[in-house]
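Peer 1: As given, the protein sequences belong to chains X and V, one line each in that order. Counting from 75, one number per residue, gives the positions in the first sequence under the numbering used here. Counting from 75, one number per residue, gives the positions in the second sequence under the numbering used here.
Be a bit skeptical, because a hint or two may be false.
Copies of the same chain look alike in the list, so a pair counts if it fits in one copy or across any two.
[Claimed, not checked] Computed cross-link-like contacts, DMTMM-like style, restricted to lysine to aspartate or glutamate with a CA-CA straight-line distance of at most 20 Å:
hint, residue 1, residue 2
1, Lys204, Asp446
2, Lys331, Asp385
3, Lys331, Asp437
4, Lys327, Glu447
5, Lys396, Glu459
6, Lys327, Asp106
7, Lys331, Asp379
8, Lys204, Asp437
9, Lys327, Asp379
10, Lys331, Asp383
11, Lys331, Glu321
12, Lys396, Glu232
13, Lys159, Asp446
14, Lys331, Asp176
15, Lys327, Asp209
Everything labelled a hint here was simulated from the structure, so no lab data went into it.
These are the residues of each chain, in order.
2 protein chains.
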Amino acid sequence: MFGIQNHKATVSNEAFREAENPSSLVVHFPPDTPLVMDAGLTISPFSIAYQTYGTLNATRSNAVLVCHALTGDQHVANAHPVTGKPGWWSTMVGPGRPIDTDRYFVICSNVIGGCMGSTGPASVNPETGKVWGLDLPVVTIRDMVRAQAMLVEHLGIETLFCVAGGSMGGMQVLQWVASYPDRVFSALPIATASKHSAQNIAFHEVGRQAVMADPDWNGGRYAGRAGQPVKGLAVARMAAHITYLSEGALQRKFGRKLQDRNAPTFSFDADFQIENYLRYQGSSFVDRFDANSYLYVTRACDYFDLAADYDGSLARAFLGAKTRFCVVSFTSDWLYPTSDARAIVHALNAASLPVSFVEIETDKGHDAFLLDEPDFMATTRGFLESAARARGLSGGESENSR
Amino acid sequence: MFGIQNHKATVSNEAFREAENPSSLVVHFPPDTPLVMDAGLTISPFSIAYQTYGTLNATRSNAVLVCHALTGDQHVANAHPVTGKPGWWSTMVGPGRPIDTDRYFVICSNVIGGCMGSTGPASVNPETGKVWGLDLPVVTIRDMVRAQAMLVEHLGIETLFCVAGGSMGGMQVLQWVASYPDRVFSALPIATASKHSAQNIAFHEVGRQAVMADPDWNGGRYAGRAGQPVKGLAVARMAAHITYLSEGALQRKFGRKLQDRNAPTFSFDADFQIENYLRYQGSSFVDRFDANSYLYVTRACDYFDLAADYDGSLARAFLGAKTRFCVVSFTSDWLYPTSDARAIVHALNAASLPVSFVEIETDKGHDAFLLDEPDFMATTRGFLESAARARGLSGGESENSR
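Looking at chain X on its own, in the form it has when it is part of the complex (with noise of 0.2 Å):
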């Protein structure tokens, strides 16, 4: 009758195993190649997750790079292994998509403090043998960045065609540029910022005191466990949805309208549409996503600030770039709102990097970087045909990649 419901542990599990067996490409950095960190820490062994589509060109100049978001992962365009739903930004990626897998070679990987292969909490310490829980150290965003590049490096690709990605995608998006210049023709930053807003840290502090709140939390030791910090994470996902959503979006999909029955309940149950969905989306999500995963990725986004890297000037952060930019922002995202998106191209202007800016309208909120938007998905594309033009990459089927 109350609240969200009970998960078995078994469920949760099923995220520590694909953190230590990913349903994906894994690359095992050796101990010689450590992942130094800016808790100034390093990590070794450590592990790489991470997924590609379409085709390497013999050139090795049609790379593109997508980041994912907070609770994304590796599996941009396939289905997922754990929820079996299609990839998070199919409706971007794929033949013939905006990010076309027929002309791009398309890698993802997961973060380092993901949960779905990349190391991170719930994967396997090796030197202790046991999960690494909050002993990892704190991952910051260019510690993720760091990985990616390894990786990229590993893959045998010197520059990127593009850097793709939304959210705290799209601030990894802003770090490659600044911490390797000259390793990203073109950049896709979308729907982010250059630093985490004070509200933004109020909610990621609100979703992780949910999590901590939770006993079976347990210090962050409730791996192997019977009790699984599902309650907290699920509480945790529930506010930190609404914020991916616009105030109009929720009134229009849902407004006062009740779940299934003509009349209150005079009750606690979910009365209200929106009540039911914030709960399913917050059951759900424990089903894939890791607790202490959560802590890690939410810490990393408060933590990035680009400029304060740079004595306070974001400009700084891109000097030296030749890296031509698109950035993408949206009409009703209340979360990086279109403020965080101009600061961002008035640094670029600053450091007279060649720029294009678009606002996107629409009442989707956030979560508008994930959906098939017309106007978006054609900002895309049309940004990347240009930049391909620019890069002597073919145009349509390339020969390369067929």
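Once you have looked at the hints, place chain V on chain X.
Peer 2: Chain V in isolation, oriented as in the chain X frame:
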């Protein structure tokens, strides 16, 4: 190191003490005057705890009823019996204040469903001798107002000079005029709406789920137990608190400032001031509020849809009333934005009621209604002075009230 501090059960039991033995005046309504509730049930006997300030004049024409918000209480302008802090509206109510206790007789009662002495889930059910918990029927805004009307009648007041309140208090103001059109001379609904939006229901549902996810909530039966659902309630408060502020105010007040440190700790400590602030808001709230009561008052707001009781016409809710209104909203309030206030004003216009509408420019968000905003204070003072003249109340120091 992590999370919200554990509170001793005794701390939370303060709320229980006030629930049964309030530091207030109390009216115990005997069995022959039950409270008829929208849920289709009655409760009897039941209690209303209240405070008064100032003196009722000889003609009983100077009474102002203040309606409190979600987690407010009757302690408008005196030190709070649990926290020792000044009354929640001591900027607005007191000698020489806009709601001038030298001129007006001010009444404020704890709402039904609250936990400060009016019958609520933390009160003892006289039939069973046990704490009500979730056996108390779900309470609506109309139920709260019905109980207040019984109190006002008990005090021998036929017509209230003014009913005033912000947020959930503003909902009660609207309901008062709809339910008792002849008994309200003037009305001051502030930062409120005639119905809850999907987004507002969503945030409340997150709060309720946070409470219910706490194993110490124990299906609502935690009275007298060692473990109290303080962690869940604290998370609920943290999430809600974000909605009371504006993004701009958070940015101005906290931004990305660190708490008592010069560099991030690369941990899950409260590195950022905003994290520290939210944790404090969460943990101090549980000292004075009951978790079940939080479920009841949020539910009351969610169910509120005044027009729905009048065939979907908000104007019809006000037909027949002669009450003069002043509707106030705040520019940065995203919980009850100005569009909600405008909808009320349009309905009042359609019902041909005298109404003035003031939108106060401020970056302080929803919380502005509790703060010393000069334009807001001046607006309230002016409206009440004009209403007092129309009501034939003498200006300044009333001979009746001294």
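Peer 1: Hint by hint, which ones does this structure get wrong, listed from lowest number up?
Peer 2: Hint check: 1, 6, 8, 14 and 15 fail, others pass.
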